[in-house]
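Colleague: Sequence:
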Amino acid sequence: MELTNKYRELGSVLRFRIQVKHRQSNCLLVLKEVIEQNKAIEATIIREVSLLQNLKHTNILTIVGVVIRNRQFCLITEYIEKGSLHSLCLDKIKYPFDWIKIITFGRDIASGMAYLHKHDVIHRDLTTLNCLVRRDDSVVVSDFGLSKLVQSIPSCRQKTEEKCSDHTTTNDSASIIQDSSFDTSNNTYVQRNHTPRLRRHHAYNHPRRHTVVGSPYWMAPEMIAGQPYDNSVDVYSFGTIMCQLILRTNADPDNLIRDAKTLCIEMNELMKLENFPINTPPILLNMTSQCISLDPRNRPCLIHVLDYWNNVYYIIIWTSITTGYISKLF
Numbered sequence: 021m022e023l024t025n026k027y028r029e030l031g032s033v034l035r036f037r038i039q040v041k042h043r044q045s046n047c048l049l050v051l052k053e054v055i056e057q058n059k060a061i062e063a064t065i066i067r068e069v070s071l072l073q074n075l076k077h078t079n080i081l082t083i084v085g086v087v088i089r090n091r092q093f094c095l096i097t098e099y100i101e102k103g104s105l106h107s108l109c110l111d112k113i114k115y116p117f118d119w120i121k122i123i124t125f126g127r128d129i130a131s132g133m134a135y136l137h138k139h140d141v142i143h144r145d146l147t148t149l150n151c152l153v154r155r156d157d158s159v160v161v162s163d164f165g166l167s168k169l170v171q172s173i174p175s176c177r178q179k180t181e182e183k184c185s186d187h188t189t190t191n192d193s194a195s196i197i198q199d200s201s202f203d204t205s206n207n208t209y210v211q212r213n214h215t216p217r218l219r220r221h222h223a224y225n226h227p228r229r230h231t232v233v234g235s236p237y238w239m240a241p242e243m244i245a246g247q248p249y250d251n252s253v254d255v256y257s258f259g260t261i262m263c264q265l266i267l268r269t270n271a272d273p274d275n276l277i278r279d280a281k282t283l284c285i286e287m288n289e290l291m292k293l294e295n296f297p298i299n300t301p302p303i304l305l306n307m308t309s310q311c312i313s314l315d316p317r318n319r320p321c322l323i324h325v326l327d328y329w330n331n332v333y334y335i336i337i338w339t340s341i342t343t344g345y346i347s348k349l350f
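As numbered in the numbering used here, residues 21 to 350 make up the sequence shown, in order.
Calculated from the structure, these hints are not laboratory results. Incorrect hints may appear among the rest.
[Stated by the list, open to error] The calculated DSBU-like cross-link candidates involving lysine-lysine, where the alpha carbons are at most 35 angstroms apart (straight line), are:
| # | residue 1 | residue 2 |
| --- | --- | --- |
| 1 | LYS281 | LYS76 |
| 2 | LYS292 | LYS114 |
| 3 | LYS52 | LYS76 |
| 4 | LYS52 | LYS114 |
| 5 | LYS76 | LYS114 |
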């Protein structure tokens, strides 16, 4: 379908993105060019977009369809008012974050990603640049240009669900808070041996991939090393985003310290930085540390990250209502 038939072009909003308006509904939308394409993959583009159009979730960017502009395939998506979480994260003056805001951002991202994984989609390029913020500060996950639908494998989803039920996690958020702590004597994060962990990935439950794609600063170590990987790479990227939100910084190695050999983010080293907030909630450190584990099998399922977030969020709200303040939770 040609662009002029249904949409009116308004102007460029980002590189390779153009703001458009639907002629009948006057709804603002965004047009994004599919940069790499040829005749051989046009059918693939249309097929995958038609599948992605069926993904409907409040924390997933809505894909309206595909149009042709100047003989170039373009995606039409909903328009998100505030732009990327990346720009908000770095602008401390204009956008001050409290811990509730950071936890809410994390909950929204985990909700969207858990939905994608449930529908067999691996994003593979989850970054703060690809998380967009609505006017009401809710977050949507966008840019599936590098995402890949997991090939249909018998009982793959069933195994994933069985895997999630193999482990138990406590709903007692008070015990979670008490079991992970910030040791002020040497400025390190202490993970107690008996700390409840979120339910883990099992490699044998997921189709494994080898293609290296995505943004290196958010990329899981196994993907950088060219090793087989599964949807746990998105969990690592999510953990990297949470590190960014805690420190209000870029994701490059100068700001998020990596191990020289594994390239994995080192939480204990981050906590030695002068700009690391000493009042970071232990519950936030606990979850983030698990997500950036070097071993993919030790990273939690995003659906259980979401459960964890919801437990924390509702306790925070309840405590705020009943006591008038929340700092004692942290």
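Colleague: Run every hint past the structure and note whether it holds.
Modeller: Results of checking the hints against the structure:
1. Straight-line distance between C-alpha atoms of LYS281 and LYS76 comes to about 40 angstroms, which puts the hinted pair past the 35 angstroms bound.
2. Restraint check: the Cα-Cα separation between LYS292 and LYS114 comes to about 27 angstroms, which is no more than 35 angstroms; the hinted pair holds.
3. Simply put, LYS52 and LYS76 have alpha-carbon atoms about 19 angstroms apart, close enough for the 35 angstroms limit, and the pair holds.
4. Note on LYS52 and LYS114: the hinted pairing holds, with a Cα-Cα distance of about 28 angstroms set against a maximum of 35 angstroms.
5. Between LYS76 and LYS114 the alpha-carbon distance is near 31 angstroms, which keeps this suggested pair within the 35 angstroms criterion.
Going down the numbered hints, you'll see the structure goes against just number 1.
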